[in-house]
Amino acid sequence: MSQVGIIGVGQSAFSRGYPGSIRELAFEAFQEAMMDSGVQTTDIDATVICSSPEYDKQRSPAGVIAEYCGLTPQPTFYTETLCSSSSTGLKLAYALVESGLHDCVMVLGFQKMSEISSAESQERMGRGADIQWESPFGTMMPAYYAMHARAYLDHFGVTEEDLALIRVKAAFYGQKNPKAGFKKVVDLETCLSADPVSKPLKVFDCCANADGSSAIIVASEKKIKELKNEKPVWILGVGAASAPVNMAGRDKFHGLRAAELAGQQAFQMAGLKPSDISVAEVHDCFTIAEMMAYENLGFAKPGQGKDLIRNKETYAEGSIPVNVDGGLLSKGHPIGATGGSQIRTIVLQLRGEAGDMQVKNPKYGLVHNIGGVGLYGNVTIMGV
Amino acid sequence: MADKKKKPEIDARFKKFGTVSFTATTKVNDFIDYLEDGKVAGTRCKTCGTYYFPPRSQCYKCLDKTEMEWFVVEGTGKLATFSELSYAPVGFGDDLPYAIAVLDYGDYKVFGRIAPKVPMDQVAVGKEMRAKANRLPNGQLNYVFEPA
Ligand SMILES: [Zn+2]
Numbered sequence: 001m002s003q004v005g006i007i008g009v010g011q012s013a014f015s016r017g018y019p020g021s022i023r024e025l026a027f028e029a030f031q032e033a034m035m036d037s038g039v040q041t042t043d044i045d046a047t048v049i050c051s052s053p054e055y056d057k058q059r060s061p062a063g064v065i066a067e068y069c070g071l072t073p074q075p076t077f078y079t080e081t082l083c084s085s086s087s088t089g090l091k092l093a094y095a096l097v098e099s100g101l102h103d104c105v106m107v108l109g110f111q112k113m114s115e116i117s118s119a120e121s122q123e124r125m126g127r128g129a130d131i132q133w134e135s136p137f138g139t140m141m142p143a144y145y146a147m148h149a150r151a152y153l154d155h156f157g158v159t160e161e162d163l164a165l166i167r168v169k170a171a172f173y174g175q176k177n178p179k180a181g182f183k184k185v186v187d188l189e190t191c192l193s194a195d196p197v198s199k200p201l202k203v204f205d206c207c208a209n210a211d212g213s214s215a216i217i218v219a220s221e222k223k224i225k226e227l228k229n230e231k232p233v234w235i236l237g238v239g240a241a242s243a244p245v246n247m248a249g250r251d252k253f254h255g256l257r258a259a260e261l262a263g264q265q266a267f268q269m270a271g272l273k274p275s276d277i278s279v280a281e282v283h284d285c286f287t288i289a290e291m292m293a294y295e296n297l298g299f300a301k302p303g304q305g306k307d308l309i310r311n312k313e314t315y316a317e318g319s320i321p322v323n324v325d326g327g328l329l330s331k332g333h334p335i336g337a338t339g340g341s342q343i344r345t346i347v348l349q350l351r352g353e354a355g356d357m358q359v360k361n362p363k364y365g366l367v368h369n370i371g372g373v374g375l376y377g378n379v380t381i382m383g384v
Numbered sequence: 001m002a003d004k005k006k007k008p009e010i011d012a013r014f015k016k017f018g019t020v021s022f023t024a025t026t027k028v029n030d031f032i033d034y035l036e037d038g039k040v041a042g043t044r045c046k047t048c049g050t051y052y053f054p055p056r057s058q059c060y061k062c063l064d065k066t067e068m069e070w071f072v073v074e075g076t077g078k079l080a081t082f083s084e085l086s087y088a089p090v091g092f093g094d095d096l097p098y099a100i101a102v103l104d105y106g107d108y109k110v111f112g113r114i115a116p117k118v119p120m121d122q123v124a125v126g127k128e129m130r131a132k133a134n135r136l137p138n139g140q141l142n143y144v145f146e147p148a
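Line by line, the protein sequences give chains A and B.
Every letter in the first sequence is one number past the one before it in the working numbering, and letter 71, counting from 1, is 71.
Every letter in the second sequence is one number past the one before it in the working numbering, and letter 38, counting from 1, is 38.
No lab work stands behind these hints, which were simulated from the structure alone.
Here the structure is a predicted model, which is why all the values come from computation and not from measurement.
Every residue, glycine too, gets a C-beta built ideally from N, C-alpha and C.
Don't take every hint at face value.
What the hints assert, rightly or not - Between beta-carbon pairs, the in silico distance windows are:
#1 Pro97(B) to Glu161(A): 19 to 25 Å
#2 Asp121(B) to Glu24(A): 28 to 34 Å
#3 Gly298(A) to Asp33(B): 44 to 50 Å
#4 Glu161(A) to Gly126(B): 18 to 24 Å
#5 Asp94(B) to Asp154(A): 26 to 32 Å
#6 Gly352(A) to Asp121(B): 36 to 42 Å
#7 Pro137(B) to Leu101(A): 54 to 60 Å
Said to hold, decoys possible - Derived DMTMM-like pairs: lysine to aspartate or glutamate, alpha-carbon spacing no greater than 20 Å straight-line:
#8 Lys78(B) to Asp154(A)
#9 Lys78(B) to Asp251(A)
#10 Lys252(A) to Asp104(B)
#11 Lys199(A) to Glu84(B)
#12 Lys127(B) to Asp154(A)
#13 Lys39(B) to Glu69(B)
#14 Lys16(B) to Asp37(B)
#15 Lys176(A) to Glu317(A)
#16 Lys199(A) to Asp95(B)
#17 Lys127(B) to Glu317(A)
#18 Lys117(B) to Glu69(B)
#19 Lys252(A) to Asp107(B)
#20 Lys39(B) to Glu146(B)
#21 Lys176(A) to Asp356(A)
#22 Lys27(B) to Asp64(B)
Using the sequences and the hints given, assemble the complete structure.
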C-alpha cells in the first residue's frame, strides 16, 4: 500500500452569524487550504463536500460549492454523518486516493447554522436521533448527552466538577486560538453555578452553534512527490463505526461504542497504541463527550478519565494533550465543518505550526469526531 | 356524472404518538391501539425469538421467515439513565420541566418519559419503575415511567 497524505489545510473563523452565503463561507476554508498547499485547482481531481443538509436552503450544495471554487468539471461527492460529516469525507477521500481512482481530493466541510433560531436548531438536532420513537417525547442533543453523563457519573463516582474542569481547560486554550468563537477564560465556579440545560449538564458544559468551514487536501504519495510538497502529514489509520440511534438500543451509557470501535480500527491500521499519540483532538460537543473520549480511545482506563483532567495530563504540557485549540467548547460547532477543523489542528501540530497552542515535538496525532449522540464515530490517526 | 373516485384511506394512527409526532404512518400503527387500551407493547419475532422495543414489523435476521407478534411490556425495569430538561424543542415548551429516561427490562430497553407527578429527588439510576400508557393534556398519547 502506498501512503496517502494531507498537503493543505484551511479553516474559516468560527462565528455566530457569518455575513455571507454558504458558497462564500466554504470559499474561505478553500482559499486557505489552496494557499497552504500551493496546488492549482487543476491539480485537484475531485471534491468531497460535507454538511448537514437541514440547515441549508440550497438543495445539493456540493455542485454549487464545487463550481464556486473553480472545481468543475471534476466530480464532486456529498457526505453527511451529522457532526462527523467532514471526517467521514476524509475517509472517503482517503479511499478514493488509496484505490488509485484519484490522485488529489479536496474535502470541504461547511455549515451556516445562524439562519434559523436556536430553538429551531435544537429541534433539528434532536431529529438527528430517532424521530419515530424518541423525538415525540421532546428530545434535544444536550438531553441525550446528559443521559450519558448521568450514567457515567453514577457508574464511576465521577463529579460534575470533573466535567467542569474540561470546560476550564477548553476556555484556557480557546483564548489562544484566533479562529475560536469563544475566547473568554471560564473559571470552575462559573461552570458549576451556571443554569442547568439538561441535568447534570449546565450552560458551560455545552458548546455553541457556529458558522464555519474547513478544507483538507488529500493526495497520493506519487502526487506529493510530483508536487515536491515538503511537509505532508500522512494518514496512518482511519476507523469508522455506527451505533443504534435509539437510546433503547444501546448496551451501555457510560461510553460510546462507535467511538471505541472506530478507535480500535484506527490504532490497528496504524500499528500504534494510545500511548504513542502525542496530541489529540476529541469531539467535545459537551464536557461529558471529552471525558468518555479519554476512555473510549484508551488514553485512560474506564472510570479513570477524571484523573487525566484533574492532573492536567490533557493540557499541552501533559502526557496526552487534548483539544489544546479550545475544542468545540471554545471554537463553536459548525456541524459539517467540525471534523475538518479538528484535522487541520492536528496537521498544524504535526508540522509544528500551531503557534501558541503548539505541543512539543509531536510525532503522531489523533482526531476523534462523533456524529449525533454516538450514532457515528470516526477516528483518524496521522503522523509525520 | 360518475362518482368521484374514492382515494384509499391512509392509516395515520401514528400521528397520535407523543406531544408532537413526526411520523404519520408505520407498519406498527397498532402500537397506538395498545396505548388507547392502556398498554405499552413491543414486538417479538417468533422465528428467532428476538424482542423488539420500539416495536417493528420486520426482522432483519429472518427476512421472509419472520413471524412477528405483539407482546405487552409488563412488570418493572431498572432505570438505566435519565435527564431533566430545562429547555425544550419547538412544540414541547408547555411540557417543561420533564425528564426523559431509559428503563432496562433485561430482554429489551424502553426509552420514554418519567411521569410528571414523580418528584425528581426520588429518581435515581437503578430504581425499579414501570412503563404506563398515558394521555397527554393535548389529547395525544405516550407512555411514562412510574415507580414500581
Ligand atoms: Zn427473527
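To see whether the hints hold, each was checked on the structure:
no.	hint	in the structure
1	Pro97(B) to Glu161(A): 19 to 25 Å	holds (24 Å)
2	Asp121(B) to Glu24(A): 28 to 34 Å	violated (51 Å)
3	Gly298(A) to Asp33(B): 44 to 50 Å	holds (48 Å)
4	Glu161(A) to Gly126(B): 18 to 24 Å	holds (23 Å)
5	Asp94(B) to Asp154(A): 26 to 32 Å	holds (30 Å)
6	Gly352(A) to Asp121(B): 36 to 42 Å	violated (53 Å)
7	Pro137(B) to Leu101(A): 54 to 60 Å	holds (57 Å)
8	Lys78(B) to Asp154(A)	holds (14 Å)
9	Lys78(B) to Asp251(A)	holds (14 Å)
10	Lys252(A) to Asp104(B)	holds (11 Å)
11	Lys199(A) to Glu84(B)	holds (5 Å)
12	Lys127(B) to Asp154(A)	holds (13 Å)
13	Lys39(B) to Glu69(B)	holds (15 Å)
14	Lys16(B) to Asp37(B)	holds (14 Å)
15	Lys176(A) to Glu317(A)	holds (15 Å)
16	Lys199(A) to Asp95(B)	holds (16 Å)
17	Lys127(B) to Glu317(A)	violated (43 Å)
18	Lys117(B) to Glu69(B)	violated (33 Å)
19	Lys252(A) to Asp107(B)	holds (14 Å)
20	Lys39(B) to Glu146(B)	holds (14 Å)
21	Lys176(A) to Asp356(A)	holds (6 Å)
22	Lys27(B) to Asp64(B)	holds (16 Å)
Of the numbered hints stated above, those contradicted by the structure are hints 2, 6, 17, 18, listed in ascending order.
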